[in-house]
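Asker: Here are the chains, one letter per residue:
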Amino acid sequence: MNINTFLELSGTIAFAVSGTNTASEKRMDIFGCLVIAFVSAVGGGSLRDLLLGIQPVSWIQDNNTIIAVSIGCLLAYFFKKRITKLRKTLFLFDTIGISLFTVIGINKALLVGVNPAVALMMGISSAVFGGVLRDVLCNEIPLIFKQEVYATACLAGGLLYLFLRQLGISEPFDLIATSAFIFCIRILAVKYKWTLHF
Amino acid sequence: MNINTFLELSGTIAFAVSGTNTASEKRMDIFGCLVIAFVSAVGGGSLRDLLLGIQPVSWIQDNNTIIAVSIGCLLAYFFKKRITKLRKTLFLFDTIGISLFTVIGINKALLVGVNPAVALMMGISSAVFGGVLRDVLCNEIPLIFKQEVYATACLAGGLLYLFLRQLGISEPFDLIATSAFIFCIRILAVKYKWTLHF
Amino acid sequence: MNINTFLELSGTIAFAVSGTNTASEKRMDIFGCLVIAFVSAVGGGSLRDLLLGIQPVSWIQDNNTIIAVSIGCLLAYFFKKRITKLRKTLFLFDTIGISLFTVIGINKALLVGVNPAVALMMGISSAVFGGVLRDVLCNEIPLIFKQEVYATACLAGGLLYLFLRQLGISEPFDLIATSAFIFCIRILAVKYKWTLHF
Chain Y
1444 MNINTFLELS GTIAFAVSGT NTASEKRMDI FGCLVIAFVS AVGGGSLRDL LLGIQPVSWI
1504 QDNNTIIAVS IGCLLAYFFK KRITKLRKTL FLFDTIGISL FTVIGINKAL LVGVNPAVAL
1564 MMGISSAVFG GVLRDVLCNE IPLIFKQEVY ATACLAGGLL YLFLRQLGIS EPFDLIATSA
1624 FIFCIRILAV KYKWTLHF
Chain S
1444 MNINTFLELS GTIAFAVSGT NTASEKRMDI FGCLVIAFVS AVGGGSLRDL LLGIQPVSWI
1504 QDNNTIIAVS IGCLLAYFFK KRITKLRKTL FLFDTIGISL FTVIGINKAL LVGVNPAVAL
1564 MMGISSAVFG GVLRDVLCNE IPLIFKQEVY ATACLAGGLL YLFLRQLGIS EPFDLIATSA
1624 FIFCIRILAV KYKWTLHF
Chain G
1444 MNINTFLELS GTIAFAVSGT NTASEKRMDI FGCLVIAFVS AVGGGSLRDL LLGIQPVSWI
1504 QDNNTIIAVS IGCLLAYFFK KRITKLRKTL FLFDTIGISL FTVIGINKAL LVGVNPAVAL
1564 MMGISSAVFG GVLRDVLCNE IPLIFKQEVY ATACLAGGLL YLFLRQLGIS EPFDLIATSA
1624 FIFCIRILAV KYKWTLHF
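First to last, the sequence lines map onto chains Y, S and G.
The opening residue of the first sequence carries number 1444 in my numbering; numbering runs sequentially from there.
The opening residue of the second sequence carries number 1444 in my numbering; numbering runs sequentially from there.
The opening residue of the third sequence carries number 1444 in my numbering; numbering runs sequentially from there.
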């Protein structure tokens, strides 16, 4: 398993956890939660693959994604027993998800040969879409609207990633550094209530 | 016309009826209803075809789908005159729609050569997506969230279908038996208020 | 640059303005507005290309679309300073967007070789989808539901376009006449409160 697959599966698990949390808060039944977890985990990646013309989409090829989603659901189940403030868990795993998917999205887009500005937009869209789908299906106001520096964190991280690649930083480090950077920006932005209004 | 085409067109009509009902309840105009009917009827199938890499999507090839949607709209118009409880009609036709689309989705996915677990997810997603699109466009809380055993019925039916195929049941019977099974589960679940909470 | 590209970029700018307006009204930050502008500008066209099997989707090939979206965002920023009634600007640019995208959608679909009825549905879907995505992401009731003669204007315009082509009207004129026609219908419909209820 290479680093890309590993990060994508981690992102998938994180989005599955956040999906299960949102769905179970809405009092959906067990398999309803599984479906929402699945949709929020594969939504972003599917959109990315479709737009880039990678077909059939990647999660269809093997059982890895379905296993990752199931792990995410189980994790969410055990997390729920321990943690009372569901909102915080949801926020945490949603943030891990968008951090990883932004970087993977840009990376995949560049491999297909699109130019950097398009790749950046592709990374952000794929990161944001899974969570939006989750929130829309659960009839929640999308987090992208409620959380201040949401898309901005992805954009800043994406620019950093393109810059690191330009500098010639080798593969695992640029991916990990950027993901960590996006994660930190969003955590700090929410903690210190950063705003950047129009 | 083979059994697959027949079931798909029946599902299309059912979703068109449910789409027209939801839209007309929201006081949209005639052609607004037609568009919502169309979107909810082709949404699930389009998603399925796109993810599986079947392109252009199936409803583009001929006029059958557009005729089926038009029939659905006319049916909805006459049903409306007779039936006062719109909610019940909507529920009935939405249930017929998801029953048929679950089975067709799994079937098409298996033909493309994906493994059974993925095919199952594909069937459920394609069944659920048309109705979700309808509800989101009409700014309704998606039925998937309000109705208890919604995705669960599709999942149970999907498992039955894969089991019947394993047993070697021949083509028309497995499709029809599974659709009827999903339909019954959901009717019973709502009637007797079955729940399966996380 | 041919007339098709010119109209598509104009539609893109119009939807980017309407996206920025909606997002900034929701008090999103600068880059959040950029993302919503982007999604509402490319949503319809991406759906059209995906359904028709044109892949990768057209906006990925070059930087034109991203530049058009950026222009739209800047325009929205300057418009905001001058115009107090945001609703009206949003309505105006949304109407320009759907007028242009209906015609382009039908045109592209006919080039791929689908029959006219399908092409008509494709044009309407692609015109409506960008704005719907914008409204759903911003947790607004989609304009398609609130504005009376919304889809109807696209349908009427689409029929006119197919008729003009049948008459043999040459390329730039049929496109421009139809766009203007859709634009006028919707403006008049809202001004004089036309309704067409089911």
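Worth double-checking, as some hints may not be accurate.
Copies of the same chain look alike in the list, so a pair counts if it fits in one copy or across any two.
Stated by the list, open to error - In the DSS-like style, the derived pairs of lysine-lysine whose C-alpha atoms are separated by at most 30 angstroms in a straight line are:
{"#": "1", "residue 1": "Lys1469", "residue 2": "Lys1636"}
{"#": "2", "residue 1": "Lys1531", "residue 2": "Lys1469"}
{"#": "3", "residue 1": "Lys1634", "residue 2": "Lys1531"}
{"#": "4", "residue 1": "Lys1531", "residue 2": "Lys1636"}
{"#": "5", "residue 1": "Lys1469", "residue 2": "Lys1634"}
{"#": "6", "residue 1": "Lys1523", "residue 2": "Lys1636"}
Read the hints as simulated data drawn from the structure, not as lab findings.
Computed from a predicted model, the values in this text were never measured in an experiment.
Asker: From the Cα coordinates, with 30 angstroms as the cut-off, is the pair Lys1531 and Lys1636 best called within, between, both, or neither?
Answerer: Answer is within: at 15 angstroms inside a copy they meet the 30 angstroms cutoff, but 32 angstroms across does not.
Asker: Is it within a copy, between copies, both, or neither that the alpha carbon of Lys1469 lies no farther than 30 angstroms from that of Lys1634?
Answerer: Both ways: Lys1469 and Lys1634 sit 26 angstroms apart in one copy and 21 angstroms across, limit 30 angstroms.
Asker: Could you place Lys1634 and Lys1531 in one of the four classes (within, between, both, neither) given a Cα distance threshold of 30 angstroms?
Answerer: Answer is within: at 12 angstroms inside a copy they meet the 30 angstroms cutoff, but 37 angstroms across does not.
Asker: Using 30 angstroms as the alpha-carbon threshold, which applies to Lys1531 and Lys1469: within, between, both, or neither?
Answerer: both (16 angstroms within a copy, 23 angstroms between copies)
Asker: Tell me, please, which holds for Lys1523 and Lys1636 at an alpha-carbon limit of 30 angstroms: within, between, both or neither?
Answerer: both (26 angstroms within a copy, 25 angstroms between copies)
Asker: Could you place Lys1469 and Lys1636 in one of the four classes (within, between, both, neither) given a Cα distance threshold of 30 angstroms?
Answerer: Answer is both: 27 angstroms inside a copy and 17 angstroms across each meet the 30 angstroms cutoff.
Figure legend: structure checked against the earlier numbered hints; every hint is met.
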